[in-house]
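Asks: Each chain, letter by letter, is given below.
Protein chains: 2
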Amino acid sequence: MTSKPQQAQPIGVFDSGIGGLTVVRALVERLPHENLVYFGDTARVPYGPKSPQVVREYAAQDTDFLVSHQVKMIVVACNTVSSVALEVVQKHSKVPVVGVIVPGARAAVSATKKKRIGVIGTVGTIASNAYANAIRQFDASAEVIGQACPLFVPLAEEGWIDHKATEMIAKEYLFPLKLQKIDTLVLGCTHYPILENVIRTVVDGVTLIDSGKATASDVEQVLEEQHLRNPSRLKGNVQFFVSDIPYRFSEIGERFLGHTLGKVRRAEGFF
Amino acid sequence: MTSKPQQAQPIGVFDSGIGGLTVVRALVERLPHENLVYFGDTARVPYGPKSPQVVREYAAQDTDFLVSHQVKMIVVACNTVSSVALEVVQKHSKVPVVGVIVPGARAAVSATKKKRIGVIGTVGTIASNAYANAIRQFDASAEVIGQACPLFVPLAEEGWIDHKATEMIAKEYLFPLKLQKIDTLVLGCTHYPILENVIRTVVDGVTLIDSGKATASDVEQVLEEQHLRNPSRLKGNVQFFVSDIPYRFSEIGERFLGHTLGKVRRAEGFF
Numbered sequence: 020m021t022s023k024p025q026q027a028q029p030i031g032v033f034d035s036g037i038g039g040l041t042v043v044r045a046l047v048e049r050l051p052h053e054n055l056v057y058f059g060d061t062a063r064v065p066y067g068p069k070s071p072q073v074v075r076e077y078a079a080q081d082t083d084f085l086v087s088h089q090v091k092m093i094v095v096a097c098n099t100v101s102s103v104a105l106e107v108v109q110k111h112s113k114v115p116v117v118g119v120i121v122p123g124a125r126a127a128v129s130a131t132k133k134k135r136i137g138v139i140g141t142v143g144t145i146a147s148n149a150y151a152n153a154i155r156q157f158d159a160s161a162e163v164i165g166q167a168c169p170l171f172v173p174l175a176e177e178g179w180i181d182h183k184a185t186e187m188i189a190k191e192y193l194f195p196l197k198l199q200k201i202d203t204l205v206l207g208c209t210h211y212p213i214l215e216n217v218i219r220t221v222v223d224g225v226t227l228i229d230s231g232k233a234t235a236s237d238v239e240q241v242l243e244e245q246h247l248r249n250p251s252r253l254k255g256n257v258q259f260f261v262s263d264i265p266y267r268f269s270e271i272g273e274r275f276l277g278h279t280l281g282k283v284r285r286a287e288g289f290f
Numbered sequence: 020m021t022s023k024p025q026q027a028q029p030i031g032v033f034d035s036g037i038g039g040l041t042v043v044r045a046l047v048e049r050l051p052h053e054n055l056v057y058f059g060d061t062a063r064v065p066y067g068p069k070s071p072q073v074v075r076e077y078a079a080q081d082t083d084f085l086v087s088h089q090v091k092m093i094v095v096a097c098n099t100v101s102s103v104a105l106e107v108v109q110k111h112s113k114v115p116v117v118g119v120i121v122p123g124a125r126a127a128v129s130a131t132k133k134k135r136i137g138v139i140g141t142v143g144t145i146a147s148n149a150y151a152n153a154i155r156q157f158d159a160s161a162e163v164i165g166q167a168c169p170l171f172v173p174l175a176e177e178g179w180i181d182h183k184a185t186e187m188i189a190k191e192y193l194f195p196l197k198l199q200k201i202d203t204l205v206l207g208c209t210h211y212p213i214l215e216n217v218i219r220t221v222v223d224g225v226t227l228i229d230s231g232k233a234t235a236s237d238v239e240q241v242l243e244e245q246h247l248r249n250p251s252r253l254k255g256n257v258q259f260f261v262s263d264i265p266y267r268f269s270e271i272g273e274r275f276l277g278h279t280l281g282k283v284r285r286a287e288g289f290f
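Residue numbers (this note's numbering), protein chains in the order written: chain A, 20 to 290; chain B, 20 to 290.
None of these hints come from the bench; they were simulated from the model. Treat the hints with care, as some may be off.
Taking lysine-lysine and the DSSO-like style, the derived pairs with C-alpha atoms no more than 30 Å apart in a straight line are [to be verified]:
1) B/Lys-200 x B/Lys-113
2) B/Lys-132 x B/Lys-282
3) A/Lys-190 x A/Lys-200
4) B/Lys-113 x B/Lys-183
5) A/Lys-232 x A/Lys-190
6) B/Lys-183 x A/Lys-183
7) A/Lys-183 x A/Lys-200
8) B/Lys-200 x B/Lys-132
9) B/Lys-232 x A/Lys-200
10) A/Lys-183 x B/Lys-190
11) A/Lys-190 x A/Lys-133
12) B/Lys-190 x B/Lys-200
13) B/Lys-134 x B/Lys-282
14) B/Lys-113 x B/Lys-190
15) B/Lys-200 x B/Lys-134
16) A/Lys-110 x A/Lys-134
17) A/Lys-133 x A/Lys-254
18) B/Lys-133 x A/Lys-183
19) B/Lys-133 x B/Lys-282
20) B/Lys-183 x A/Lys-197
21) A/Lys-190 x B/Lys-133
22) B/Lys-190 x B/Lys-133
23) A/Lys-183 x B/Lys-200
24) B/Lys-183 x A/Lys-190
On a predicted model such as this, the values are computed, not experimentally measured, just so you know.
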């Protein structure tokens with residue numbers, strides 16, 4: 020690894036699986052000239068229900084993989100890792116690290132008028148209280164109500180996006196948040212933007228915060244501050260690596276990325 | 020490892036996670052004097068959507084773990100592994116190996132009158148055609164209709180057992196099987212017995228085959244034939260090992276096992 024990151028080097032992005040492709044999508048839209056290296060740990064997905072101890076060990080391995088690809092910066096496109104293992108990623112790399120929690124929290128605080136913010140995420144993300152802690156750093160008087168939605172990840176992966184069962188499940192998860200009269204809801208899992216329409220129907224009138232988009236904005240700011248922007252005016256390339264290429268991978272991946280993935284390589288050494 | 024398995028040695032049982040506890044339950048009921056060692060690969064669960072290549076690598080590691088506990092026999096309490104990696108387990112052990120597919124297939128062939136058998140399971144199990152192949156070994160004229168039900172595992176793990184959304188999802192998955200006029204349905208995933216009531220409601224009048232119970236019967240037969248039954252008249256003990264102790268583990272585990280798990284130890288070296 021070079022000690023000084025170079026502008027033309029790629030930005031590394033990782034997630035437990037393919038949910039992080041929604042963050043890639045936001046990054047490509049905002050920073051079209053940057054090169055990206057994406058790693059999805061599809062051989063061990065999901066991280067959400069697993070213990071913080073195991074998530075930390077996986078996060079260290081994921082980081083090492085990106086570091087080996089000479090990335091100039093790391094984006095942790097996984098809310099669970101950002102919640103319980105961000106310091107592990109920082110310790111395992113010498114480049115700037117951006118997680119999805121702080122950008123999402125900042126965007127929520129900017130958006131709320133009644134200072135009543137809902138956060139939905141995996142069991143791990145909600146149990147960590149990471150969003151509540153980050154939101155209160157920006158505004159100590161904000162009320163934060165968390166709700167784990169464990170069935171949302173499999174529903175998104177299955178593509179049951181407009182299904183009545185999904186709406187029924189969404190109503191059950193989100194009803195307590197409606198009762199608490201939130202005006203802003205953080206989609207605290209990179210899978211959830213896929214279900215945005217259903218969620219919007221259920222919590223009508225509430226501002227939805229897509230952490231991925233907020234994160235892309237933070238990434239841009241860090242690149243600017245640290246003079247790391249790629250000066251190239253060419254369209255950047257995106258390299259995809261996964262620890263497993265499972266059934267229906269391309270089909271599911273395209274749904275998250277918004278277009279075809281192109282070449283996907285299997286990363287070795289993850290089990 | 021001793022070259023000749025001894026009667027007092029435990030039976031090893033493994034699964035991708037905790038679904039295999041329904042098989043443990045069936046084994047304890049049928050063979051109360053046997054000692055069991057259970058391993059659940061909860062750090063990498065689920066196996067169902069992952070590629071056969073990755074499932075085979077995991078199965079080899081799971082087998083090595085049980086072999087290191089001097090088991091006299093191995094029960095593969097995971098339909099996905101039994102479908103795509105049974106020969107890996109056989110190659111990595113020198114003891115008798117029983118999977119869940121053949122016992123389930125035999126029980127289905129015994130039960131069907133119209134020779135129209137439905138099989139539900141993970142994407143991996145259904146894609147492998149393992150049940151269809153096994154059923155046709157017993158009865159070449161049987162018609163087998165497979166259906167992957169990927170949302171059933173997360174619904175069972177979440178405990179949404181009697182939920183309306185579960186019924187709606189079950190109706191969608193099982194409707195094509197009803198149309199095909201099956202009279203027998205194999206629950207081809209160790210998680211599914213947890214959802215038996217909902218499934219029974221949806222496919223009223225169809226005989227449900229619980230592979231776990233059928234497997235316990237086959238295990239008994241192998242023990243008899245190979246003179247491996249534990250002669251002890253004391254209640255056997257069950258040791259539980261998992262590769263991760265995740266959120267809500269005991270609560271979920273109890274649902275599958277039917278009673279409290281007692282001590283659960285974390286197995287090292289799985290990532």
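Asks: Next, verify each hint and record whether it holds.
Replies: Hint check:
1. B/Lys-200 x B/Lys-113: 42 Å, violated
2. B/Lys-132 x B/Lys-282: Roughly 44 Å separates the two Cα atoms, so the pair is violated.
3. A/Lys-190 x A/Lys-200: With Cα atoms ~15 Å apart, A/Lys-190 and A/Lys-200 stay inside 30 Å; holds.
4. B/Lys-113 x B/Lys-183: 47 Å, violated
5. A/Lys-232 x A/Lys-190: At roughly 25 Å apart (the allowed maximum being 30 Å), A/Lys-190 and A/Lys-232 satisfy the hint.
6. B/Lys-183 x A/Lys-183: 11 Å, holds
7. A/Lys-183 x A/Lys-200: 24 Å, holds
8. B/Lys-200 x B/Lys-132: 12 Å, holds
9. B/Lys-232 x A/Lys-200: Outside the cut-off at roughly 49 Å; violated.
10. A/Lys-183 x B/Lys-190: The hint holds at about 12 Å.
11. A/Lys-190 x A/Lys-133: Measuring from Cα to Cα gives roughly 22 Å; hence the hint holds.
12. B/Lys-190 x B/Lys-200: Holds - the C-alpha atoms of B/Lys-200 and B/Lys-190 are around 15 Å apart, at most 30 Å.
13. B/Lys-134 x B/Lys-282: The hint is violated at about 44 Å.
14. B/Lys-113 x B/Lys-190: 43 Å, violated
15. B/Lys-200 x B/Lys-134: Cα-Cα ~10 Å, so holds.
16. A/Lys-110 x A/Lys-134: 34 Å, violated
17. A/Lys-133 x A/Lys-254: 41 Å, violated
18. B/Lys-133 x A/Lys-183: Measuring from Cα to Cα gives roughly 34 Å; hence the hint is violated.
19. B/Lys-133 x B/Lys-282: 46 Å, violated
20. B/Lys-183 x A/Lys-197: 21 Å, holds
21. A/Lys-190 x B/Lys-133: Given pair A/Lys-190, B/Lys-133 is violated - Cα atoms ~42 Å apart, limit 30 Å.
22. B/Lys-190 x B/Lys-133: 22 Å, holds
23. A/Lys-183 x B/Lys-200: Given pair A/Lys-183, B/Lys-200 holds - Cα atoms ~26 Å apart, limit 30 Å.
24. B/Lys-183 x A/Lys-190: Holds - the C-alpha atoms of A/Lys-190 and B/Lys-183 are around 12 Å apart, at most 30 Å.
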